[in-house]
Amino acid sequence: MELALSPEDAAFRDEVRAFIKDNYPAEMRVANPETDLSKEQMLLWHRILHDKGWIAPLWPKEYGGPGWSITRRFIFEQETTRAGTMPPLAFSVTMVGPVIYTFGNAAQKTKFLPRILSGEDWWCQGYSEPGSGSDLATVRTKAVRDGDHYIVNGHKTWTTLAQHADWIFCLVRTDPTAKPQSGISFLLIDMKSPGVTVRPIITIDGSHEVNDVFLENVRVPAGNLIGEENKGWTYAKFLLGNERTSMAGIGRSTRYIERLKKIVKAEIPEDDPAHLEFIRDIARIELDVLALEATELRVVAQMARGIDPGPAASLFKIRGTEIFQDITELTHRAIGNYGLAIREHPVSANHFMPGPDYGHTASEKYLNSRKLSIYGGSNEIQRNIIAKAVLGL
Amino acid sequence: MDIQFTEEQELLRSSVQRLLRDQYDFDARRKIVASEEGLGRRQWDEFAELGLLAAPFSEAVGGFGGGPLSTMIIMHEFGRHLVVEPFVETVVVAGGLIERAGSDAQKQAHIADIIAGSKLWALAWTEKGSRFDLATVTTTARRDGDDYVLSGEKTAVIAAPWADYLIVSARTSGHRHDRGGVSLFVVDRRAANLDLQSFRTIDGRRAAEISLRGVRGELLGLEGEGVAALEACRNRAIGALCAEAVGAIGELNDATLDYSKTRKQFGVTIGSFQVLQHRMVDMFIAHQEALSLMQHLSLSLSEGKAGLSRLASGAKSKIGYAGKFVADQAVQLHGGMGMTDELNVGHYFKRISSINIQFGDPAYHVLRYAQLDAVA
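Those protein sequences? They're chains Y and G, same order as listed. Just so we're aligned, residue 3 is where the first sequence starts under the working numbering, counting upward by one. Just so we're aligned, residue 128 is where the second sequence starts under the working numbering, counting upward by one.
Read the hints as simulated data drawn from the structure, not as lab findings. Think of the CB as a built atom: it goes at the ideal place given N, C-alpha and C, for glycine as much as any other residue. Any given hint could turn out to be false.
These stretches of chain G come out as covered by chain Y in the derived footprint (C-beta under 8 Å, 3 or more residues) [said to hold, decoys possible]:
1) 347-361
2) 383-393
3) 411-419
From chain Y, some residues computed to sit far from chain G (all C-beta separations above 12 Å) [unchecked claim]:
4) 6
5) 168
6) 392
Let the hints inform the model, and build the full structure from the sequences given.
Structure, rendered in structure tokens:
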């Protein structure tokens, strides 16, 4: 399905398409890019996009964004995801960057924004804590003012790719007496500060994406506070809003469905009754994708006319993640007995993995994608948001 | 992708809305359904007066050239009001077939009457055992002079008891399931040797079993090319039915949401329960997705894009399942009231159930969608 494009936008699409084809690094085309690439490898494409001026589609031109229209941003998103490119680190570019240029002071903008764009700084997100998951406003990590510093103590968790991070943006409690939402501040912390410890959490797929981050008497310059003290909840919500909008994942789902079809064709004979079951299940998922894509295009067309979808955008997170989970589950089922096998991490060619290549990541993808309905505000929280803000319940 | 209506389309929509609001509330509909004939001749005249019956036809045959988008606009509103009159059967299906396949003489003879509201039509394609396959036809047509003579049985022909004319599919050559050899015929519903056994449908409309024992019919389109014509016609009919279903889904969601904000149990409104809130969010999402797909299909139909059959089947299936989900939940959330004939909710449920049978159910169309992919 395609957006009706003006000749200029169509030319832009062709330009993006050609640029990806000519420039996407071959060494990033590995079995499972999300878990198999080193930090340096992940940054290859980031730097190429930076050199081109395309690293931060969302950002205003004055801060280094390309100054694209909504339509062009969408085209870029569509082309990059359809081509299966690894998106630049969201925590840096999509999350903390916009918070800094929207709520940060001049010094913070000058210091951080160029280093986000260049890939020099790698950011991670210090939101969740052991006792604060969906109920994020109860964060207990404390920041106590001490002269021109804050002393930070606490425990952040589920911190994605913290093992690579130079900086962490944290929600910290600066007023323990206020209501939960109004005592929180948004603080930027250097990961090299004394007292910061990162401990890996291995997830059910065997990979190391997330971590515990312990903060013990970490001294943070007061200049690293974003905006006003105790207004952090506002900035946090702004950031989560940015996170939800690009979660439909149409390009990725479409690629995985094509792959699934090939696997079914190779694995399941047409006279096997299971074949028809797979055909039907795949068709239903394809239609789920088609309906979500049509909805995304409808919303993009509306946004281009200045109509904001608002909290209804939560539906993209809900449906996009549910659909991808369905696809990975079906793929895992399609490879049959080889669904028992799983790659060992860290991945190495020396480990034996049975069965055809196309099935090698099916188990880990199936397991890993269970996270999708949990992170970024669980799908239950997203439903709460629509119920309250759209349906008025 | 999102349809920004033209001024003309906005006008069409608001005038249909006004007409239905003034003359087609739930009580008015109830009286129409309970009447002997089961349809509102006066309402049909109003539709003609307003130009609805002319809207999708091309200007060349006396229409307004609105195409599938005007059908979408009209049917979406009709879905919200549970309109029973045979707009799809007469205008979209029969009118569309005559406009595309008919001779100049046939166009002149029939389209003006359809537009004027003076003639009603029905399509007789289903037979016992044909289920949803357009090519499974045993009714025969034998050439006799300039005309043909038809014999066979047609089943569950919606709107036939109201119709002045039928379009009948019959075999001019080949075997029972052959795609080739099926032709379409215009038959006078009151012709000699044509028997009708009328019955009520679950959604308050009328249909009939039809028996043809040597009935004279006039060929519509090319001999042996009937299935292709029917397929294209079905795509347009699906576009209309999908819009109707989306209109009904929207009404059910509004009604359910309103009810959940007023109905109290355990001392609180039932809309305060999270399990019901999440259910209604899923109903909201189902509606949004169905609406998007409806627009996508209607736009594709109006642009005459390739792969229309696959898209139409996909939309029929996805919107069919969405409708079933919303209708099930709307009845469930209304509790005992949802079961009553008095409340409109059950009537939307029944209309959606009926749409989900017409021209193929969601399970049929999801497989067809998959099979057309394999062919492509």
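Examine the region 383-393 of chain G: at least three residues should have C-beta closer than 8 Å to a C-beta of chain Y.
Coverage by chain Y holds here, the residue count being 3 at a Cβ distance below 8 Å.
The output says residue 392 of chain Y does not contact chain G. Does that hold with a beta carbon cutoff of 12 Å?
violated, 7 Å
Minimum Cβ-Cβ distance from residue 6 of chain Y to chain G exceeds 12 Å:
Nearest chain G Cβ is 7 Å from residue 6 of chain Y, so the label is violated.
The region 411-419 of chain G covered by chain Y? Criterion: 3 or more residues, Cβ-Cβ distance below 8 Å.
holds (count 7)
Outcome, coverage of the region 347-361 of chain G by chain Y - at least 3 residues whose beta-carbon is closer than 8 Å to one in that chain:
Violated, because only 0 residues of the region 347-361 of chain G bring their Cβ atoms closer than 8 Å to Cβ atoms of chain Y.
Examine each Cβ of chain G, and state whether all of them lie more than 12 Å from the Cβ of residue 168 of chain Y.
The assertion about residue 168 of chain Y holds, with a minimum of 39 Å to chain G.
Checked against the numbered hints above, the structure violates hints 1, 4 and 6; every other hint is satisfied.
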